[in-house]
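Participant: The chain contents come next:
2 protein chains.
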Amino acid sequence: MARASADPGVESEWREFGPLELTPILDAALDEFRESGFHGATVRQIARRVGMTVPALYYHHENKEGLLVALLELGTGEVAWRVRTAADEHPDSPREQFVSVIEAIVLHMAYRFRLAALDGEMRYLSPGNRRRYGARRKDVENVLTEVIENGVEKGVFALADPVETSRALLGMCQSVGRWYHPDGPLSPEELAERYVDIALMTVGAHPRLQR
Amino acid sequence: MARASADPGVESEWREFGPLELTPILDAALDEFRESGFHGATVRQIARRVGMTVPALYYHHENKEGLLVALLELGTGEVAWRVRTAADEHPDSPREQFVSVIEAIVLHMAYRFRLAALDGEMRYLSPGNRRRYGARRKDVENVLTEVIENGVEKGVFALADPVETSRALLGMCQSVGRWYHPDGPLSPEELAERYVDIALMTVGAHPRLQR
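As they're listed, the protein sequences go chains G and U. UniProt numbering numbers the first residue of the first sequence as 1 and each following residue consecutively. UniProt numbering numbers the first residue of the second sequence as 1 and each following residue consecutively.
By construction, these hints were calculated from the structure, which means they are not laboratory data. Backbone N, C-alpha and C define an ideal beta-carbon position, used for all residues, glycine too. Just to be clear, a hint being listed does not mean it is correct.
[Unchecked claim] Computed footprint of chain G on chain U, listed as stretches where at least three residues anywhere in the stretch have a Cβ under 8 Å from a Cβ of chain G:
(1) 36-48
(2) 68-78
(3) 153-167
(4) 189-198
Given only the sequences and the hints, what does the whole structure look like? Please build it.
Facilitator: Below, the structure is given as structure tokens:
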């Protein structure tokens, strides 16, 4: 499913997805949160899934919220890294930058759908954690907005409202994480291609393909 | 905030939003689901919120899942009605149909953000209920897809993939329900106007405004 990562310094590394690497505790917590939601999940049940005692689990993570924060930060950290790397790959072409950024977001939502679907649980975080996580999420939106505004300045894009379009596009791409399943008809790459075409339309640029 | 509904037979009734009319039990259940998620919510706590005994609550609703189903069906029923009414208002203009359908969806997500944010809890439904609810949700997507395909046939719209664009637009509009708050800077109508402009771009039509 994922491309092989031959060399960590290779170009387009942001397109390569290995398996989701989680510790056994975080892997069990992710399953538990997905099945029972944050409030329905219990540390006892997570410990049972991973074959660990509750005190042993508390040795690694402060509490249930700490587990959710760790998972959400893994997801946002990864997508933020991919998006920045994708944007940096084409500093002189706003169009290629935009294409790569949308591609990176959609690939992340599809390959990391288990993590991406957790985003809705963010509202159960305590205010401080919600603020911190919200800021990291905003990173991705800011990169996208900058890329669009840069394209407008250079006359490559023509649209009414870069900030609102950026937020709307993110909403569109994030929705992929709520329905995508690897057994479905589209690979992450095929889906990303279609979303790139749709996204190009929103900035007044011609799509790459006609199907 | 909402326009006055002078006459239920008046044109554009789908644009009018009164307060969300819920029974006291469903209102309490909605608050409880929003604060604690489906799995964290308890029938006991919902009964306490509404000042009722648990047996009295069970007289009205079968169980906790019945309460969630009732709320989700209220939301999807309302948006499906608005979208169909909006589409029927302009049978001869695919562009006006499309504008009205997007407007109806975004207005619903903003005015009914309390209900709309509940959509993510859908995955906790038992298979039968999830199937039924999924089909009702699909109604809205089908109307939007028909409107887009009709516009392509009539040469008003030009885009690569009406089905994928329809799904992507719905994801974009639904994301509004996850962040919209009436205390924010934009009214539902202002937000709908911006989303209509963005959506028009995705079907290759000119937006209405330049801001």
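Participant: All hints are to be evaluated individually against the structure, with a verdict given for each.
Facilitator: Going down the list of hints, with the structure as the test:
Counting residues of the stretch 36-48 of chain U whose C-beta lies closer than 8 Å to any C-beta of chain G gives 6; at least three are required, and the coverage claim holds. Look at the stretch 68-78 of chain U against chain G: 0 of its residues bring a Cβ nearer than 8 Å to a Cβ of that chain, fewer than three, so the hint is violated. Restraint check on the stretch 153-167 of chain U versus chain G: 5 residues with Cβ-Cβ distances below 8 Å, three needed, restraint holds. Residues of the stretch 189-198 of chain U lying with their CB closer than 8 Å to a CB of chain G number 4, which satisfies the three-residue condition for coverage.
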